[in-house]
Every structure is written in C-alpha cells, then in structure tokens.
Amino acid sequence: MRTGAAVREIFGFFFGLGRRTGRARTFTLIGLVPVALAVAARAFYHGRTGDMVAVSTEILMVIFLQFYIVLVTLFYGTSVTAEETENRTLAYLLTRPVPKTAIILGKFSAAAALTSAMVALGLGVSYFILNAGQMGDLAVYATFLRYLGVLVLGILAYTAFFTFLGTILKRAIILGLVFGFGWETAIQYFPGSTQRFSIVHYLKSLLPYQPGRGGGRGVALLLFRLEPTSPLLAVIALVAITAVFLALACVIFRAKEYLAED
Amino acid sequence: MTAVISATHLSKYYGHVLGLDDVSLEIEAGITGLLGPNGAGKSTFMKLATGQMKPNLGAVAIRGRRVWNAPEIFRIVGFCSEPDAFYEDMTGFEFLAGLLRFYGFSRKEIGERAARALDIVELTKDKDRLIRGYSRGMRQRVKFAQAIAHDPEILILDEPLSGLDPLGKRKLIKLIRGFKDEGRTVLVSSHVLPEIEALTSRVALIHQGKVLAEGDVPYIRELIEAHPHQISVRSSDPRALAARFVGDPSILRMTFGGDGRTLVVETRKRDVFFGRLAPAVLEAGIEVEEISSPDDNLEAVFKYLVGK
Numbered sequence: 007m008r009t010g011a012a013v014r015e016i017f018g019f020f021f022g023l024g025r026r027t028g029r030a031r032t033f034t035l036i037g038l039v040p041v042a043l044a045v046a047a048r049a050f051y052h053g054r055t056g057d058m059v060a061v062s063t064e065i066l067m068v069i070f071l072q073f074y075i076v077l078v079t080l081f082y083g084t085s086v087t088a089e090e091t092e093n094r095t096l097a098y099l100l101t102r103p104v105p106k107t108a109i110i111l112g113k114f115s116a117a118a119a120l121t122s123a124m125v126a127l128g129l130g131v132s133y134f135i136l137n138a139g140q141m142g143d144l145a146v147y148a149t150f151l152r153y154l155g156v157l158v159l160g161i162l163a164y165t166a167f168f169t170f171l172g173t174i175l176k177r178a179i180i181l182g183l184v185f186g187f188g189w190e191t192a193i194q195y196f197p198g199s200t201q202r203f204s205i206v207h208y209l210k211s212l213l214p215y216q217p218g219r220g221g222g223r224g225v226a227l228l229l230f231r232l233e234p235t236s237p238l239l240a241v242i243a244l245v246a247i248t249a250v251f252l253a254l255a256c257v258i259f260r261a262k263e264y265l266a267e268d
Numbered sequence: 514m515t516a517v518i519s520a521t522h523l524s525k526y527y528g529h530v531l532g533l534d535d536v537s538l539e540i541e542a543g544i545t546g547l548l549g550p551n552g553a554g555k556s557t558f559m560k561l562a563t564g565q566m567k568p569n570l571g572a573v574a575i576r577g578r579r580v581w582n583a584p585e586i587f588r589i590v591g592f593c594s595e596p597d598a599f600y601e602d603m604t605g606f607e608f609l610a611g612l613l614r615f616y617g618f619s620r621k622e623i624g625e626r627a628a629r630a631l632d633i634v635e636l637t638k639d640k641d642r643l644i645r646g647y648s649r650g651m652r653q654r655v656k657f658a659q660a661i662a663h664d665p666e667i668l669i670l671d672e673p674l675s676g677l678d679p680l681g682k683r684k685l686i687k688l689i690r691g692f693k694d695e696g697r698t699v700l701v702s703s704h705v706l707p708e709i710e711a712l713t714s715r716v717a718l719i720h721q722g723k724v725l726a727e728g729d730v731p732y733i734r735e736l737i738e739a740h741p742h743q744i745s746v747r748s749s750d751p752r753a754l755a756a757r758f759v760g761d762p763s764i765l766r767m768t769f770g771g772d773g774r775t776l777v778v779e780t781r782k783r784d785v786f787f788g789r790l791a792p793a794v795l796e797a798g799i800e801v802e803e804i805s806s807p808d809d810n811l812e813a814v815f816k817y818l819v820g821k
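If you read the sequences in order, they're chains A and B. Take 7 as the starting number for the first sequence in our numbering and just add one per residue. Take 514 as the starting number for the second sequence in our numbering and just add one per residue.
Calculated directly from the structure, the hints in this document are not laboratory data. Just so you know, even glycine gets a beta-carbon here, dropped at the ideal spot from N, CA and C. Wrong hints could be hidden among the right ones.
Pulled from the structure, derived: some chain B residues nowhere near chain A, Cβ distances all over 10 Å [claimed, not checked]:
no.	residue
1	Asp602
2	Gln659
3	Ser806
With a straight-line Cα cutoff of 30 Å, these simulated DSS-like cross-link-like pairs (lysine-lysine) come out [as the list claims (entries may be wrong)]:
no.	chain 1	residue 1	chain 2	residue 2
4	A	Lys262	B	Lys723
5	A	Lys176	B	Lys567
6	B	Lys567	A	Lys262
7	B	Lys693	B	Lys621
8	B	Lys684	B	Lys640
9	B	Lys723	B	Lys567
This is chain A alone, in the form it adopts within the complex (with noise of 0.2 Å):
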C-alpha cells in the first residue's frame, strides 16, 4: 500500500478508535473546565462588555494554551507508539502491508484531530459564553478564529514533538512533563534570543495582543518579556518544528525494534 493510502486508513482507524476511549472523554471534560469559569465569569460580569471580557478571554486562552493543550498533547503525542508497546498490539500494525512511517504518520494525524476537535469544544463554548454580548460583532468571529488557529498550530508542533520523544524514550512522559510544564514555562522569562527555543514562543507571538501593542493587560505577568517573531516567522518556525520532529520520528521508528516488556 502506498504511504499517502496507507496514513489515510491508518488515520481513519485510530481517529474512530480514540473517539470511544475512556482518555478522549477525560481530556473532553478537562477542556470543558474553562466553560464553567466562563459562566461563573459572566454571571460576575452580569452582562457587561469591554475590557474586562476581553482580559477573561485573554486568561481563558492562556488556560488552553500553556496548560490543556500542553497536556493533551503530552498524552496523544507520546502514546502514538507507547501506548502500542504498553498494550502488546504493535504486532497487528508492524505485520500489515503499510510501510512504518505511514504509521507514525497516520496515528500522529488521528491524535492531532481529536485534541484539536477537543480544544474546539472547550474554546469554542467558553469563548462564546463570554462573548455572548457582542455576538452582533464580526470582529468577535475573527478572533476566535485567530485563537483556534494559533491552538491548532501548537496542537501540531507539540504533538509532534511528544511523538518523537515517544519514538526514542520509553518512559516519554517525564522528561514530556518537565519540556511542556518546566522548561517552556520557565524559559519565556528568559531575555533575548533564548525564548526562541520554545514552542511557546511561537504561539505567543501570534496572539493578537503583545506588549507596546495594547491590550493584555490582564495577563501582562504572562508576557513579560516577551520579544515577539514576527507573525510569519512564527508560522514557519511551528511548521518546521512539526515537520522536523515527525520526520525524526519516522525515522527513528522505522530503524528501531520496540518490545513489550514481558
């Protein structure tokens, strides 16, 4: 089976199986977390607009993005080959016509669309609930495009990444917790150049606030020193972290033997 048929079944049968696990419910219902604050926000805010929805939307993104879909990913990312080896049915895909990068490939991509449709849930109820008084507004829609986008894109690198830790660690999920939650925390407080080895980086910088800019002043602490790419930049620099990682993954996978621990 050629590799662009075979990532395309592969996807389909991993995207059906990872909708019913007992995981995609959990990681449902933690995204679901924002949208009882933004009700519990709107209540307090009792329907007034203005700066103080825009700062409660700043802080809901800054829930998904350097808290749910670090984790999400965390799990999804790691378990494309962990969770094969762990459950002893790697055997069922490694003795299929279907060449090993398409695996990687395939499984990558299912766990990608089901956190981003997760993330889309969550965002999209909570973010709406908390717009609910400007929904007259296109440039509402806009931003919550923007938002999604941007999540999407971290969704991409960081389950990319994780994959790849995946591939060569069997215990991925540590040194996972300590990149996503210790070092791409710490490290937007570095100065200069330093920040720029983080995937958060990149995703800050297409927020559509940033210092000197306006706005954020909600979550100005989380922006400190911030010294942003440009938005283009930082577009490629996630597709290239995406690509570079899947593509070590692949190979990785497709040289190394992996097996279950009997």
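Fit chain B to the known structure of chain A by using the hints.
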C-alpha cells in the same frame, strides 16, 4: 522442495540475554511445528520471521525476501501473536474490518472478508460485542481470525491453541490442517507436544535459543522415550516401597527425598514401573499420598537433550 521461510544463522540478543543463537531453519509448505518450553525462543523466532524484530546476526527471509522493513510481504503472510492483546474498545467486526483496511480492499470486500473470517471462527453472533467483553477463548479465536481474514498463503501462529477449551482446540486444529490441505504454509509454535502432534509430524525442537533437533514427531518421541523419567512417590513408608523394587531391571536408580516420605525413582520404562507400582503398594499395605513426575514435561526433556 523450496523453503518458504528460511532462517540462516539467526541470532538475537536482548542486551546480554540470549534470545536466539545461530538458528538455521528451512520451513517448507505444509505445517511445521516449533516446539519448546516457555522462554525457549519460539516467540523470538516468530517475531524475527515477521519483521517485528531485527536479527543481530544472520537473516530471515520469506520467499527469498528479507522481512525487516519489508511490509509488502504481509500481503501473503498472516500472523497470530501470542499475547492476549487487543484494541479493547472495538467490536470483533470493527477490529477485523479496521485491520483489513490496510490491504487496500474496497469497503464492500472488507465487510465480506471480516464477516467470512468471523464465521470461520464461529464468532458471527458475537461480532458486534466489544472485544473487552469476550471470553479468553473468543479472544483467541478473533486473534486467529485477523490472521486469516486477508486469505494469506503463509500463516505464522504463535501458541494459537493456548486459552482454548478442548473443543475449541479441536476445531482450530481442524481449521489449521485445512490450510495445509489447501497447499498453504503454516508455522505454528507450542510448548505442548500433543498439540503439535495433532497438527503435524514435522517438528523443530527449540530450547535456550537453539534448535536442538528437527524431524518427524516419531523421531522426537523416540528421543523423549530414551530420556529416563523421574517418578516421585510420597507415601507412608518409602523405604518399604523401595525394598519392593530392589533388583527390578526397569529401575535405573532410587533415592529418598529430603522430607523422609518421598521415594524418587528413575526409569526408562515408565509404563512398566507404573504397572508394578500398584500391586507393590497393595501388597505392602503402604498408603500413597501423591505420585508425580517432576520431569514429565518438555523443560526436563529439553534439559536432558541439551546435556546429551
């Protein structure tokens, strides 16, 4: 006859642990049994033969083509792995249909093939149940079904009969023999000699990563028969029992167990010994608590063969 699966000086190490040591095997059409105790290297051989593992030394090829990173070979190969592992959140039908997608069949053909394979293993009425709710025997059968659903000409089956009840075993044995009658090649592993014996007369004995012997089952039986059996008899008076067998030509050696109640007898003629044991016990009025044959298993026979 040309070998369908050929292994040449195949060696596999897990770190410092030897998995397979310089194994050369030629598997021809028909059924070949790979017989050995647990941990002998049977699964390692099968994983190497199906390209799941890379040999450290030597090579394994199917129809002359090396299997590592050669996925196209699996159009003609079906593999049933040993672990009881599944995508548990799928139904039996979804599991088979999902795996059949990887062969490029049309949707209609996928449905037909999955239904046919489930029918062969008698799971049609349970096809829409989640695999996590299947019994051990059903799980074993659905695993076999995924190996045959694409109609392969070569079947590699790692302990396919484990977990099946006697009736299930008989049905599967009949099915596997049917594949042979269709001219296909089957490589099947087991640690139970009678299971292999029921399937084929062509056997390779594997132990501690080495192929000890190859040949027909009668030849293997002969080897096993030549091996002195140990029989342990725990009774109220082992010394009185031993006295009854002094000078018996069927006995090679007698020793007493550390517990003071056990007599361990070594004999090449097990049946003769058992034939004489019952009258001896009755005549002496000895109360027998337990009779066991500590080495009456493949492991002991293999140890013996290694030492030969």
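To see whether the hints hold, each was checked on the structure:
no. : hint                 : verdict
1   : Asp602               : 5 Å, violated
2   : Gln659               : 7 Å, violated
3   : Ser806               : 28 Å, holds
4   : A:Lys262 to B:Lys723 : 25 Å, holds
5   : A:Lys176 to B:Lys567 : 18 Å, holds
6   : B:Lys567 to A:Lys262 : 9 Å, holds
7   : B:Lys693 to B:Lys621 : 28 Å, holds
8   : B:Lys684 to B:Lys640 : 19 Å, holds
9   : B:Lys723 to B:Lys567 : 17 Å, holds
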